[in-house]
Amino acid sequence: MRRRILTCISFVLAFLTLGAPAFACGGLLSPNGSVNLVKTTTLAAYHKGVEHYVTSFRFVGGGGAKFGSIVPLPGIPSKVERGGDWTLQRLEREVAPPVRDFFAADGLPAPTALKAEIILKTKIDALDITVLKGGGSEVATWAEANGFELPPDAPEVLDFYADRSPIFMAASFDSDAAKKQNLSEGDGTPIHLTIPTPAPWVPLRILALGKQATELIEADVFLLTDRAPSMLPGPDGFRASDARPIVPGMRLKRSERASDLLMSDLKADKGMGWMPKSMWLSYITIGASAAELRYDLAIDASGADRPSYVAAGLQAALKNIADVAAGGRLAFPMVLSLSLAAAGVAIVGARRYATR
Amino acid sequence: MRRRALVALLALAAVTAGCGGGGGGSERALQVRMRYSKYLPATLTVRAGTTVSFDVANGDPITHEFIIGTAAQQLAHERGDPHDPHTGPGEALIAGGKTTRVRFTFTKPGTLQYACHRPGHFRYGMVGTISVEA
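From first to last, the protein sequence lines stand for chains A and B. Residues 1 to 356 in this note's numbering are what the first sequence spells out, letter by letter. Residues 1 to 134 in this note's numbering are what the second sequence spells out, letter by letter.
So that you can see chain A by itself, here it is in the shape it has in the complex (with noise of 0.2 Å):
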């Protein structure tokens, strides 16, 4: 009897997290301060010097409450529109075969800006999408001055963000909008992002935005590039060509050329046409606790292989290494690992060549 609770329970559990995997993107802000926890997938695809980022924002119900997400972006958007119906789907069955229900994510306010220079604004169904041009304390400004309570490290957070790339964007559900178009708790609407941009990273910190340090961060994320790309930090499983650091709490766990089926079933949804015969498949997961998730993902595809240290939000690290390596007190590698350590990156491996 105990074994059939225990088998049913367990049936519950694994229908809960594989049946419905939610997924934003962004630090979800709330007029209370609450803060949900969602699983989060984006699409980050790169090529031709754009990046393609697909997210998709999970409406949270209605009573009159606002919730929002800000997302940190690599560039301004040249396009901003509805994303396809299945990538984000698509890929997900292609790395956990069992069909996955998902969507996701949140939502914030578009009204007028206080400082911040809003770039543009538009609407894809319930979703008010305003892109924004600004300091962190502008970006924030803004959003407090339209209703939305910040988590006490939003300042910083957004600081850390403002410093690399002053653009941000910030999506929220429209109640009334949702209501008539008869969207549910849980319904989801992907947006699919084009930014024309010299160094695509995906942000990662955002989404450890008002949590707390021990709450663990999830997320998938999907790189389509035209060759395998270099990445920064590395994700635990990839093979470095230099002293790097390695982060635990992501992975690789795939890292191949995209199957044809693949390429043709994510070609054939909305906005996909612009993919080209082949690309690069990677999938990395998240699993790292909000105080260890202090970085961003940088890619290099040109074959290059210099991600961008920057790009990664790692650039204290690399102002320490410099710092100190200037005063010649320590040798190079060791001044890495405490520079590093010191900005929150745990390293698991350092020096390993790559077999791409």
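Hints listed in this document are in silico derivations from the structure and should not be mistaken for laboratory results. All C-beta atoms in this analysis are idealised placements derived from N, C-alpha and C, irrespective of residue type, glycine included. Honestly, I wouldn't trust all of these hints.
Stretch-level coverage of chain B by chain A, calculated; a stretch enters the list once three of its residues show a Cβ under 8 Å from a Cβ in chain A [unchecked claim]: (1) 59 to 66; (2) 99 to 106.
Calculated lysine to aspartate or glutamate pairs in the DMTMM-like style (CA-CA distance at most 25 Å, straight line) [unchecked claim]: (3) B:K38 to A:D242; (4) B:K98 to A:E156; (5) A:K123 to A:E144; (6) B:K98 to A:D159; (7) A:K133 to A:D174; (8) A:K79 to A:E117; (9) B:K108 to B:D55; (10) B:K98 to A:E144; (11) A:K121 to A:D174; (12) B:K98 to A:E215; (13) A:K79 to A:D125; (14) B:K38 to A:E117.
Assemble chain B onto chain A, guided by the hints.
Relative to the frame of chain A, chain B by itself:
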């Protein structure tokens, strides 16, 4: 004559400085800054009987609070209405980028705290300690 005036001025300055140091029944001015949802400094020491004028500068773009009270009072605030306007003695709500003056008289020795009870802020560590010495 001029020298006497100078001596008198220096004596007055010395007395004032002594008051600033937190003598009983005296006045004292202190500055507290908020940045990245932390207080700077995070610990203060005052003498019992001192009235302190706190100049509290919010260096963050988000709203913070500066609420003086015992640990038990802080817990009560934490459980109370997060949007209480906090207009009582030793309490202030400070918008992003603004500075507010808060006056408070420390009547008896003990340990007090200053804290922010905006949602999530206290748990994040936005709390400082005031040692009130006899």
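Against the structure, the hints:
no. : hint             : result
1   : 59 to 66         : holds (count 4)
2   : 99 to 106        : violated (count 0)
3   : B:K38 to A:D242  : violated, 38 Å
4   : B:K98 to A:E156  : holds, 18 Å
5   : A:K123 to A:E144 : holds, 21 Å
6   : B:K98 to A:D159  : holds, 19 Å
7   : A:K133 to A:D174 : holds, 22 Å
8   : A:K79 to A:E117  : holds, 17 Å
9   : B:K108 to B:D55  : holds, 22 Å
10  : B:K98 to A:E144  : holds, 14 Å
11  : A:K121 to A:D174 : holds, 14 Å
12  : B:K98 to A:E215  : violated, 32 Å
13  : A:K79 to A:D125  : holds, 16 Å
14  : B:K38 to A:E117  : violated, 28 Å
Of the numbered hints given earlier, the model fails hints 2, 3, 12 and 14; all others are met.
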